[in-house]
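J.: The listed protein sequences correspond, in order, to chains A and B.
With the first letter of the first sequence counted as 1, position 115 gets the number 145 in the working numbering; the numbers rise by one all the way through.
With the first letter of the second sequence counted as 1, position 73 gets the number 431 in the working numbering; the numbers rise by one all the way through.
There's no promise every hint is true.
DSS-like, lysine-lysine: derived pairs with alpha carbons at most 27 Å apart [said to hold, decoys possible]: (1) A:K94 / B:K427; (2) A:K92 / A:K105; (3) B:K545 / A:K74; (4) A:K105 / A:K94; (5) B:K427 / B:K545; (6) B:K541 / B:K526; (7) A:K74 / B:K443; (8) B:K541 / A:K74; (9) B:K541 / B:K427; (10) A:K85 / B:K545; (11) B:K443 / B:K427; (12) B:K545 / B:K443; (13) B:K427 / B:K526; (14) A:K85 / A:K74; (15) B:K427 / A:K85.
No lab work stands behind these hints, which were simulated from the structure alone.
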Amino acid sequence: MTGDDKKERSTPDRLADLFVEDILAASDSEILAEFAERHGDIAKNAADGRALFEKSLLAANKAKLHAAQAAVAAKRFAGNVTVFDIGEAREKLRRALAACPPEMKLTLAARKENELSDADVIGMLEDFEELGVLPPRDGK
Amino acid sequence: MEAAVAIRSRDEIADAICRLTDAQWARLRLVSRKYAWRNPFDADDLLQESFQRALAGSRQCPGDVDVVKFLCDAMKSISHVESEKPENRAKNLPLIGPGPKADGAIDLEDQNAVNVEKTLIGLEQNEEIRQAASALFPEDQEARDLIDAIAAGFEGEELRELTNLDEKTYASKRRLIRRTIDKHYPKGWKL
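Bound-form chain A, shown alone:
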């Protein structure tokens, strides 16, 4: 404890410290006798304490599990995220559509790149990559 902490502690805090010092210094038999006399069932107290700890342990384990799940999800999300320059993506799609072999059947909408939403453009590029029309991007 620092000097400042010591100065700040109030009289009831200091008395509590003295009492705790005494409780920790007492022998097991003294503590058990005192507890039984003033608060009752020793075995029940221990069982209640264990139950309280189990509750804390469960809460801590859940928190740990949630943190681990969040970390996995964040990692997965980070791994899947590709930053697109939409202008470049549209240009790439236009080139791909222009070079598209005639045997590939594309809908009319797909051939009008300027009418597609950004999400459609990206989706089509991914489809082309899967079909092998376009080479996969780095990291994919």
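Go by the hints and put chain B onto chain A.
T.: The following block gives chain B in isolation, referenced to the frame of chain A:
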């Protein structure tokens, strides 16, 4: 150079708590009652909070420190921080909202005035508690000296030296004071 003491892992702390004896649980319960005395939460909440901090790793337990002592120190720290929170102290203050100052009232915008008021009230409460504790030992000068020394901020070995008590007498006086105050104030300081 001293060898570094290993910190107990979360699992080691959990394992040690699972293996506590009835006497250790009794000690923990008695201590949590003491540190919950002047706080808004109860002894179980305090004990549970100490478990949670130990398991979350926000308090580290060196391998050479007894787990019961470690949990008691955690409760001491939590209790101190809680009792110092403005919402737990503010109820003692005759505060008014910001605005024109009324005679004798504290302006919330004037932080220095609030701090001075808190200090004065704190000193007043400390003195009331010292007097109340001391009054329980009208025939026991050693106990009163010990209480005065505690109120003056002395602790541990300093207390024993200051009151000229040998170890055995000091321990016995300490126990007498604890049990007497426990008996007269079983629910804490309600003066």
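J.: If a hint holds in the structure, say so; if it doesn't, say that too.
T.: These are the hints, each one checked on the structure:
Distance hint between K94 of chain A and K427 of chain B is fulfilled; the C-alpha atoms sit about 25 Å from each other, no more than 27 Å. Distance check on the hinted pair: K92 of chain A and K105 of chain A sit about 20 Å apart at the alpha-carbon level, within 27 Å; holds. Between K545 of chain B and K74 of chain A, the direct Cα distance comes to roughly 21 Å. Compliance with the 27 Å bound is thereby established for this hinted pair. A distance of roughly 16 Å separates the Cα atoms of K105 of chain A and K94 of chain A; the hinted pair therefore holds under the 27 Å criterion.
For the suggested pair K427 of chain B and K545 of chain B, the alpha carbons sit about 23 Å apart, so the restraint of at most 27 Å is met. As the CA atoms of K541 of chain B and K526 of chain B are separated by approximately 23 Å, the hinted pair is consistent with the 27 Å bound. About 34 Å separates the Cα atoms of K74 of chain A and K443 of chain B, which puts this hinted pair outside 27 Å; it is violated. Only pairs whose Cα atoms come within 27 Å are accepted, and K541 of chain B paired with K74 of chain A is accepted, the gap being roughly 23 Å.
Among the hinted pairs, K541 of chain B with K427 of chain B is consistent with the structure: their alpha-carbon atoms are about 25 Å apart, no more than 27 Å. For the suggested pair K85 of chain A and K545 of chain B, the alpha carbons sit about 26 Å apart, so the restraint of at most 27 Å is met. With a C-alpha separation of about 25 Å, the suggested pairing of K443 of chain B with K427 of chain B holds against the 27 Å cut-off. Under the criterion of a C-alpha separation no larger than 27 Å, the hint pairing K545 of chain B with K443 of chain B is consistent with the structure, at around 21 Å.
The hinted pair formed by K427 of chain B and K526 of chain B meets the criterion: a straight-line CA distance of about 22 Å does not exceed 27 Å. Restraint check for K85 of chain A and K74 of chain A: satisfied, since their Cα atoms lie roughly 16 Å apart, inside the 27 Å limit. Restraint check: the Cα-Cα separation between K427 of chain B and K85 of chain A comes to about 21 Å, which is no more than 27 Å; the hinted pair holds.
When each numbered hint is compared with the structure, a violation occurs for hint 7 only.
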